[in-house]
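Chains as they are written, first to last, in my numbering: chain A, 1 to 115; chain B, 1001 to 1114.
Keep in mind that a hint or two might mislead.
What the hints assert, rightly or not - Derived SDA-like pairs (lysine to any residue); straight-line CA-CA distance at most 25 Å: (1) A:Lys-11 - B:Glu-1042; (2) A:Lys-57 - B:Gly-1043; (3) A:Lys-57 - B:Lys-1068; (4) B:Lys-1111 - A:Pro-108; (5) B:Lys-1052 - A:Tyr-105; (6) A:Lys-11 - B:Lys-1056; (7) B:Lys-1111 - A:Arg-111; (8) A:Lys-11 - B:Gln-1045; (9) A:Lys-57 - B:Asn-1059; (10) A:Lys-11 - A:Gln-84; (11) A:Lys-57 - B:Lys-1060; (12) B:Lys-1052 - A:His-29; (13) B:Lys-1056 - A:Gln-84; (14) B:Lys-1060 - B:Thr-1005; (15) B:Lys-1111 - B:Gln-1038; (16) A:Lys-57 - B:Glu-1015; (17) B:Lys-1077 - B:Asn-1059; (18) A:Lys-57 - B:Thr-1026; (19) B:Lys-1068 - A:Lys-11; (20) B:Lys-1056 - A:Arg-111; (21) B:Lys-1052 - A:Gln-84.
Hints were generated in silico from the structure; no laboratory data involved.
Okay, here's what each chain looks like letter by letter:
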Amino acid sequence: GAGVSQSPSNKVTEKGKDVELRCDPISGHTALYWYRQSLGQGLEFLIYFQGNSAPDKSGLPSDRFSAERTGGSVSTLTIQRTQQEDSAVYLCASSPTSGGSYEQYFGPGTRLTVT
Amino acid sequence: GDSVTQMEGPVTLSEEAFLTINCTYTATGYPSLFWYVQYPGEGLQLLLKATKADDKGSNKGFEATYRKETTSFHLEKGSVQVSDSAVYFCALSDRPSGTYKYIFGTGTRLKVLA
């Protein structure tokens, strides 16, 4: 079946611009996670959705970052007024539900470059 | 808070050598433990997992045993191949976090030479 998909695969933007990153989870997966992979910080958690609500936003680095999920499916991560330190690979993962025994399935990521 | 410590890389081995990548963790609850692999140019793939103490996860010749007494989950393979060259990430998922989000180690790059 289809895996987690993300778009765009690559995004180059100028400092100060807003960007939107999209994630399509595996159908039926209620849990959705966003992570960021950067050279200096490794893999960091950003935000978690269960259905359409986000009970854990603790990893969002600043108020320039926001995310939403609609219909219990597609999620969008928005970064406003991008900065060079936002350059990273943004990964989305989904899981059938939240629970320790359930692994997360990762998408291919969106590579964001802020110039 | 929860954390994962992974051995620093890069690790360079000859084909058919024995591989160990060390991973230790700290957690407030009873975490599940995972190894993910990232091949060049590809996304993260689950390699193996263990959800309780003394469980052994295994896949593609790789093994790791959940050791609660030493808070470890070391990855091993008896005979590596060039195709195993990748970055390996140890991760935990813990209930007290409320979200089962992953806490990742820093990753260990493995290079296998023919």
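Now for the hints, and whether the structure bears them out:
no.	hint	result
1	A:Lys-11 - B:Glu-1042	17 Å, holds
2	A:Lys-57 - B:Gly-1043	23 Å, holds
3	A:Lys-57 - B:Lys-1068	30 Å, violated
4	B:Lys-1111 - A:Pro-108	22 Å, holds
5	B:Lys-1052 - A:Tyr-105	20 Å, holds
6	A:Lys-11 - B:Lys-1056	40 Å, violated
7	B:Lys-1111 - A:Arg-111	24 Å, holds
8	A:Lys-11 - B:Gln-1045	23 Å, holds
9	A:Lys-57 - B:Asn-1059	33 Å, violated
10	A:Lys-11 - A:Gln-84	13 Å, holds
11	A:Lys-57 - B:Lys-1060	35 Å, violated
12	B:Lys-1052 - A:His-29	23 Å, holds
13	B:Lys-1056 - A:Gln-84	42 Å, violated
14	B:Lys-1060 - B:Thr-1005	24 Å, holds
15	B:Lys-1111 - B:Gln-1038	12 Å, holds
16	A:Lys-57 - B:Glu-1015	44 Å, violated
17	B:Lys-1077 - B:Asn-1059	10 Å, holds
18	A:Lys-57 - B:Thr-1026	22 Å, holds
19	B:Lys-1068 - A:Lys-11	42 Å, violated
20	B:Lys-1056 - A:Arg-111	34 Å, violated
21	B:Lys-1052 - A:Gln-84	41 Å, violated
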